[in-house]
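Novice: Taken in sequence, the protein lines are chains A and B.
So the first sequence is numbered by the UniProt record's numbering: it starts at 1 and just counts up by one.
So the second sequence is numbered by the UniProt record's numbering: it starts at 1 and just counts up by one.
If you're looking for bench data, these hints aren't it; they were derived computationally from the structure.
Hints are supplied without guarantee of correctness; some may be wrong.
You can't tell identical chains apart in this list, so a pair holds if it fits in one copy or across any two.
30 angstroms max Cα-Cα, derived DSSO-like pairs, lysine-lysine [unchecked claim]:
| id | residue 1 | residue 2 |
| --- | --- | --- |
| 1 | LYS517 | LYS465 |
| 2 | LYS175 | LYS464 |
| 3 | LYS19 | LYS303 |
| 4 | LYS159 | LYS447 |
| 5 | LYS465 | LYS535 |
| 6 | LYS535 | LYS255 |
| 7 | LYS617 | LYS658 |
| 8 | LYS464 | LYS167 |
| 9 | LYS54 | LYS166 |
| 10 | LYS710 | LYS410 |
| 11 | LYS447 | LYS231 |
| 12 | LYS217 | LYS231 |
| 13 | LYS392 | LYS542 |
| 14 | LYS329 | LYS491 |
| 15 | LYS465 | LYS166 |
| 16 | LYS54 | LYS223 |
| 17 | LYS19 | LYS447 |
Now for the letters of each chain:
Number of protein chains: 2
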Amino acid sequence: MATFEAIITSLEQLSIQPKTLSHDAVADNKAWIAALSTLPTEQPYHVTKTLILKPKTAKSAAATPVVVIALDATETNATALGKKLGLKDCRFANEDLLKDTFATTKDAVSPFALSNVADLSLIHLVVDTQLLALPATEVLAFHPGASDKTVFVTVDQLKAYLASLKKEFVDVDFKALAAAKPPAGGAPKAAPKAKKEAKKEVAAADDGHQMGIEYKKDVDFPKWYQQVLTKSEMLDYYDVSGCYILRPLAYNVWKEITNFFDGAITEMGVEDTYFPMFVSNRVLEREKDHIEGFAPEVAWVTKAGSSDLEEPIAIRPTSETVMYPYFAKWIRSHRDLPFRINQWCSVVRWEFKNPQPFLRTREFLWQEGHTAHLTLKDATSEVYEILDLYEKVYTDLLALPVVKGVKSEKERFAGGYFTTTVEGFIPTTGRAIQGGTSHCLGQNFSKMFDIVVEDPASDSNDPKKIHVWQNSWGLSTRTIGVMVMVHGDDKGLVLPPRVALTQAVVIPCGLTVKTSKADADKLYDACADLAKRLKKCGVKVKSDLRENYTPGFKFNHWEIRGTPLRIELGPKDIQQNQVTCVRRDTGARFTIPVEQLESGVQEALETIQHDMFVRAKAKRDESIIRVEQWEDFVPALNDKKLILMPWCDRMECEDDIKERSARTSNEGEEEDERAPSMGAKSLCNPFEQPTDKPIVPGVTKCVACGQDAKHYMLFGRSY
Amino acid sequence: MATFEAIITSLEQLSIQPKTLSHDAVADNKAWIAALSTLPTEQPYHVTKTLILKPKTAKSAAATPVVVIALDATETNATALGKKLGLKDCRFANEDLLKDTFATTKDAVSPFALSNVADLSLIHLVVDTQLLALPATEVLAFHPGASDKTVFVTVDQLKAYLASLKKEFVDVDFKALAAAKPPAGGAPKAAPKAKKEAKKEVAAADDGHQMGIEYKKDVDFPKWYQQVLTKSEMLDYYDVSGCYILRPLAYNVWKEITNFFDGAITEMGVEDTYFPMFVSNRVLEREKDHIEGFAPEVAWVTKAGSSDLEEPIAIRPTSETVMYPYFAKWIRSHRDLPFRINQWCSVVRWEFKNPQPFLRTREFLWQEGHTAHLTLKDATSEVYEILDLYEKVYTDLLALPVVKGVKSEKERFAGGYFTTTVEGFIPTTGRAIQGGTSHCLGQNFSKMFDIVVEDPASDSNDPKKIHVWQNSWGLSTRTIGVMVMVHGDDKGLVLPPRVALTQAVVIPCGLTVKTSKADADKLYDACADLAKRLKKCGVKVKSDLRENYTPGFKFNHWEIRGTPLRIELGPKDIQQNQVTCVRRDTGARFTIPVEQLESGVQEALETIQHDMFVRAKAKRDESIIRVEQWEDFVPALNDKKLILMPWCDRMECEDDIKERSARTSNEGEEEDERAPSMGAKSLCNPFEQPTDKPIVPGVTKCVACGQDAKHYMLFGRSY
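The following block holds chain A by itself, in its conformation from the complex (with noise of 0.2 angstroms):
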């Protein structure tokens, strides 16, 4: 029996060097992804499915297996492959012939048990056409000789092993094999039309089948929230773990967040600069204190070329050690405050905690604010006027709710004076989400980098220096995934107008097989009409007229990548002067007369922006409870609620509250699995606080411990 080792030694001698995992033995490709879905991985991959099919054979000829080595997920019909390879009956070949030719059993089959054929000319070799259009260094996942172990090469690593066979494969594209099959209770036998235009059809229906979401929003949140973002189109994984691509759909919502922000910053008076991304360890290591939490996430470069630097340098992971230095060169007098300035750019954190999309990158793109005060008066009055920017980023941008209020002294910006936070919420998992921060520093940055001016109320005969007073804030790409999370639904992406790439689409519908040419022609052209109108009137609107796919296709297509409106024209609307729209948010359908077009279409954009503010809000507000005793703490958490409380804003309570509000986790969970389990964080001291029983001081205690509560506090488990 071949045994894994034997493959591994194999392929070593191919110079290739493949990866491996051990797991529970698994018996079906069901029970392999379960098992490898709980295993750490480095980056994504792909799960295959190796079969080997026996055709019908006369008693008295050899056996010519036919090995199809292919994607899992690509559907691959026996029957039809047969009827391609000219080959009748082909069935799954039985334990003797796997044993016999390929000395593999039925739960270890792979591509790489060729190497035990003797006779390879007896074999016909067919591998998917979707594996090997994947890009040369995607990962594949096989199961060589044991149902234990997992085996990981790249595409190009298969394609040179299976070149080093000197066996000719036939490459097959099964996707078209399984469309060749006329439809389901499909249409009757027809004219070469009529076939052509079945066969799109079932293209088309196919195509949407395979474009779904296949995972449900409430059952499997980790794997819905992956293939929103793929399958909308907003993200695609990376090579480089942490790190990922941003597409257009999800680079214009940072389009349109910057738009924003840096307008109203720009109005207040704060200039946009930049900053060279390295930093020279002299000067990041001078700042002990500050930098001790970032410390162990710093990138750095060591070499240029084939040379090795004289000193390492880093990559910022947050600029107040580039900046601040400059600021005491560059402020000189109290008249050259406030000093204010504010760059766009990318910071590079290198974690080693699980990477999520948008939530936890070692990449990502912010804004981050850096500016210098006379007064603590002048600087605190900056601080909420930016953390109210960041709130109507949220609620006017993204449609989502949060709570503006001040950190706790545990949760705040290390060397900092006190932080403000918009904090978000995702009801899925009940967790809280830190949405952006806006913090005073104080003087402490000051007087490390000696920022000084001299005191305008001061003698000019004895001028008293007096540090500057600063403040920073920032609001990243972790916008996108908070609104990706709470929107989007079962279907896919779900955008708010505001942020949408495309805010409306127009489809031609009720073409038939009997529309005429020139019928179909002049429906296309009043839908080019309709987008033209709207581009006009600033509405971000396509027309969906490609020939080939169905309505149905197009309606799919397009709610996955969340359009926030579809207009649809067909041959009723047109005789009725109306567009027939439907929202994606709610599914509602209603018309608008073709005279009122822009005018309707820009009022259901606005209608559908306020709603999913409302209905977000509404679902938020519900999953706040007041809680006025410890014993429903916790129940309130694992209902996936958040907790506002009397509190005495004390660490050693904070720090309680979490030991006490953690349970034991499940073995083998995932670190997102587990995080209904974590410990509640204090998220803010809101700065509405409720009114209905305010705190009474003296009187009122703290549900935690029972001190004197001193204000109402925002606790819930957090990313």
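Based on the hints, put chain B in the right spot on chain A.
Specialist: Just chain B, lined up with the frame of chain A:
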């Protein structure tokens, strides 16, 4: 005699490892500065001076020398200093005192000589406030104990050395000291108020003098360029060599370019994305030919926190290898074409040649567009469309003329099909500069990365695959350097209004010591009101109402910063219901009736923008010489001209031209001074060919080699 080595040893004992340089012996700071400027140094440094003065002492008393440690640029007045310290007649110490007390010579005085002083209590130690105020990591140059050696220590290290002496020093603001002197030919002894005004005026005049550009554009272009950039507050130097800080004035130029260009390409259907900055080794190495040019300049991240990465990761020098594997994944069908994305980001190229702000930096901001098309025709069409946009960036935003054309085979993008370019010109050096490139990559990359679609023209039963045709196009912050170099003058920066952060500044004038507070306030209010009106109609305006600076100081302040229009308002203007305007570009003065303020200012700004372009174009046009015989080629180059001449389009001829037009460089010349003698490059084959003497195939000969000329080619020395 204390030797250089002894001093180095004593510094090392303080854990200070200074960098040192040897050079010709120098007798004074001027010679020292000249000697240093010929040597390569890693980063900018401040030249210092250490003065040893001796006040008049009674013959019987011990000498109490004054040691002054200052920046070379600080004006140190010995008499004023003596007055401040209460010492009489401070003069430079003679050679005997230098030898006896400090064990040093006149040519080699440095603070470190203090280590040799037997009794420090007899020394007055004075340190320049300007020096102390520098950021701790700024580098200072000293001459310790040897006139042919320089040692470099940071401000922090100097402070540490002084602290080790346990000798207190006096922090003296020499600027204020100088200001305390009555102005030359100034006001007669007056009331305290007048004295205060006089003091302000002198301070202002002094500040004005300090602020000015100390080098003439035509005399010392490199130093002029550095000073314009730093004194205008466009840019600051940074402690990682080759990296610079873009301050708001510079960043605003890039913002305007971004807004214009992104708007235009979005209209064309290009979508913005963001790919990770990191590239895995494996992917980068894939394209050995393309990447060959970039490999020596790629920066590698090898560590995160304190652990080594499993595999080093590169920072993108350009994103072809990052993106194109995804093109292969995402482009499945000809219906996906044209596929057009763009990103705004920074790239890193760790060059080893002398860096220069904007023109050659290790990190720079740019946009890179990458597109795929079904046909060469479609691709080519876009190449020219983009090049036209690049031209507009220069002509319409930056008021700069460029020549559009095609690069020679030698100069085109490695691995591409053909490259088009916009070529700029810097009159002061007579050098061309590549301003932006739009490449057609052909099918080279789609073949490398397997980016294929089904040919829609082929039979669906026997589909043929075709490789897509690709383009890539990029424009960077180099644009800003060209703008500064062409438009700037001896007063400083000159900004085209379309990219100016501040387009107009309102300055109150005519206030004297006789003006009542009420009248002064009225004037300030009137200025603020003008600014408000202008802001309302979209002009980027500021009003400079700072009370402690003279109009002259303010004029200087805003002129250095390149502010296109100055609007003066004085009592006479108020009387005549007008404002007086002064153009930054020409200095021309004119008035605008107050009721026509908005239209008058907007018109003025448009005129300035237009005139700046016209002047730059005229200068550029007269700098392109038609050459008909080789003897005229090099003289024209040396006369700071570009050459347009019939050319054979052969690479060997191009190489030959480069050799023949290089001159032996003068020894010791820095690279930029050496530039005037470098060989000429081919710049482009201009789209606009001369019509007066068109090339006659087979008749017109190449001016360089005599073979048949194919077309006119533009040649020149280039950045």
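Novice: For this structure, which hints from the list above don't hold up?
Specialist: Going through the list in order, the structure violates hints 5, 16 and respects the others.
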